[in-house]
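Once you have looked at the hints, place chain B on chain A.
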Amino acid sequence: MNGVTVSAKVNGDAVQYVCPADESLLDVLRNRLNLTGVKEGCGTGDCGACSITLDGRLVCACLVLGAEAEGREIGTVEGLSEGGQLHPLQEAFIEKAALQCGICTPGFLVAAKSLLERNPNPSEEEIRYALAGNLCRCTGYDKIVRAVQSAAKMMRRGKKSAR
Amino acid sequence: MRFESPTTTKAAATLLGSESGVAHVLAGGTDLLVRMKMGAIEPDLIVDIKRIESLRTLKVAAAGVQIGAAVPAVRLGESDKLRSLWPGVVEAANLIGSDQIQGRCTVVGNLCNASPAADSVPALIAAGAKALIVGPKGKRRVAVEKVVLGPGRTSLARDEFIEAVVLPARTGKSADAYLRFTPRTEMDIAVVSAAVNLTLSRGVVQSAKVVLGAVAPTAVIVPAAAKALIGTKLDDAALDKMVAACRAACNPIDDKRGTIEYRTKVAGVMARRAALSAYERAGGSK
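Just so you know, the sequences run in chain order A and B. This note's numbering numbers the first residue of the first sequence as 1 and each following residue consecutively. This note's numbering numbers the first residue of the second sequence as 1 and each following residue consecutively.
These are calculated hints, taken from the structure and not from any lab test. Just to be clear, a hint being listed does not mean it is correct.
[Unchecked claim] In silico DSSO-like links for lysine-lysine, alpha-carbon gap of 27 Å or less: (1) LYS10/B / LYS50/B; (2) LYS173/B / LYS241/B; (3) LYS37/B / LYS9/A; (4) LYS50/B / LYS9/A; (5) LYS241/B / LYS286/B; (6) LYS50/B / LYS139/B.
Chain B extracted, bound-state conformation:
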């Protein structure tokens, strides 16, 4: 195995493109090194992207946020401004693993690992995040929900990598929230999760996005759930309608961590709580 640590995105793309064997991008390594250790992958080339200055940058402004692919999750929580603009994205990213994992893991890595239970992915999708993809032919920008195709599968070409995710401008009274259910309080993987992003005007929901995690092969956007919230002050009837829409959108696995019936029911509970949390954060009161 070769190890390279280029200092520009162009050099990284060239290295990935010219490798004839198996090449992997290394950012935090909290998934990659585990898979190597387990023998699930045997890379011929590892490209460490942490020496690329622009990828270590976290830009936070109301006009937009850019989270570089080499920014460890812990740094998101250290930004008061990011926490106030996108509390749901931050709480999702900060739920990944322990403090030790937080010091290394990245949201772009969480996205590219393509686990159905990834914590930051539903929150990024609810936020309307875009992935900035670099390849030998240049750059492209795609919605985060277009990146993950299924468990462990992404739409990235073998010579492409994501340099950052970008969150849109924040307008008006807006807030997001992310909640997951795990049997333990820490160091666990979501059995079910929900992210909700709301914009209010005079306490009435103007726009909404509801995304569920761990209830299907990929995170699920539930437009009917968002529709149930728009134009309301999150009264019980609206919430019930949203919960029903969430449950109808579930297609979970059945395993020892949660049966289909259980995950489907809890998805509605998580979505309701996340919606109420986002509503309150956005300044709404009932």
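Next up, chain A with everything else stripped away, as it sits in the complex:
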């Protein structure tokens, strides 16, 4: 095996791993770093179940090589909660029952967080476009969209009261 040694940051923590040159970052996260929140659906960038952020950009972990991540900052669903406190999006997904089997949920959460960072008050249409790269085969999308709207509202309120 031609191993590649990589140092990166995952959810703010420094990590080091050795992986074959052709191993995806998805497999690295799941199998070497035990971050199984990131899911494999299609493995070809169509379903968004493996959505993560790479240096702040939303990407599919299945379309990134582990070897590429040297020096990069990776964000996964495991980084959403802070100090045991669920992220407003996670709260809203529970509250609005925006999941059934749950396989797509981490990807939706990471993608929705990325959207709300860029646009704290998205319209329903903007939410649906932004989440077009995430597929759900159980609940349909309506409850997911409602949950994102609800979380966005909570987060806007939170920001106001923090001031």
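Here is chain B on its own, set in the frame of chain A:
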């Protein structure tokens, strides 16, 4: 498989040139990694070009635009200046895949993947874009339409790669537009597409370029369609003539996503709408 991430174009060219096995350039990876996963290719060497500073650069000015080969498509839409200079190129690049794909995919990758349905390619050709090609013998600059030879085939030598595409200076009242037809609104591949680039003077078209996508093995430039628009204010007669020229230039495949007859008809519809959009953006009014 070996993985290399050089920091200069020269080092990248040397790596590609000295590899005896199968070498591939990695930029966004949204096509390459899928082909690897499917087993369609088994590279011996992957050269990641994203650590080359100059390739990550997006230079935007009225005097010219340079889009580095490692610039993800999302960055094009983030530039207000680029959106106002080349709205058609930006809308084409931003139609590729989802937000997740946008964060990785590049227009140079879209070009080198050489799909007949590539979204950014007709818009780049209509814009008069040039590809800056690097190889062990130095650099050369060729028109984007000379890069793609057919589905999955390019004119690049095995030790060459594209470092950037360059858009020419913008003069006068000019604008471009790109439209595609897909059965779904998102996450789909063009059944037919059209790009139109216009320059106006007092509302009259001075120069035009009309390019169709997904209706032939490569994007098709339709000089007769451009000719039909020049000297007009896009009156119905001119548009009808342009539509007829576009339909005559189609040589599409016949498959479940669109029959030959359907693609040929819709090519005219897309071109008409794209022309009207470009005309309006350039400040023309009817």
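For each hint, the structure was consulted:
| no. | hint | verdict |
| --- | --- | --- |
| 1 | LYS10/B / LYS50/B | 14 Å, holds |
| 2 | LYS173/B / LYS241/B | 23 Å, holds |
| 3 | LYS37/B / LYS9/A | 26 Å, holds |
| 4 | LYS50/B / LYS9/A | 18 Å, holds |
| 5 | LYS241/B / LYS286/B | 17 Å, holds |
| 6 | LYS50/B / LYS139/B | 19 Å, holds |
When held up to the earlier numbered hints, the structure conflicts with none and fits them all.
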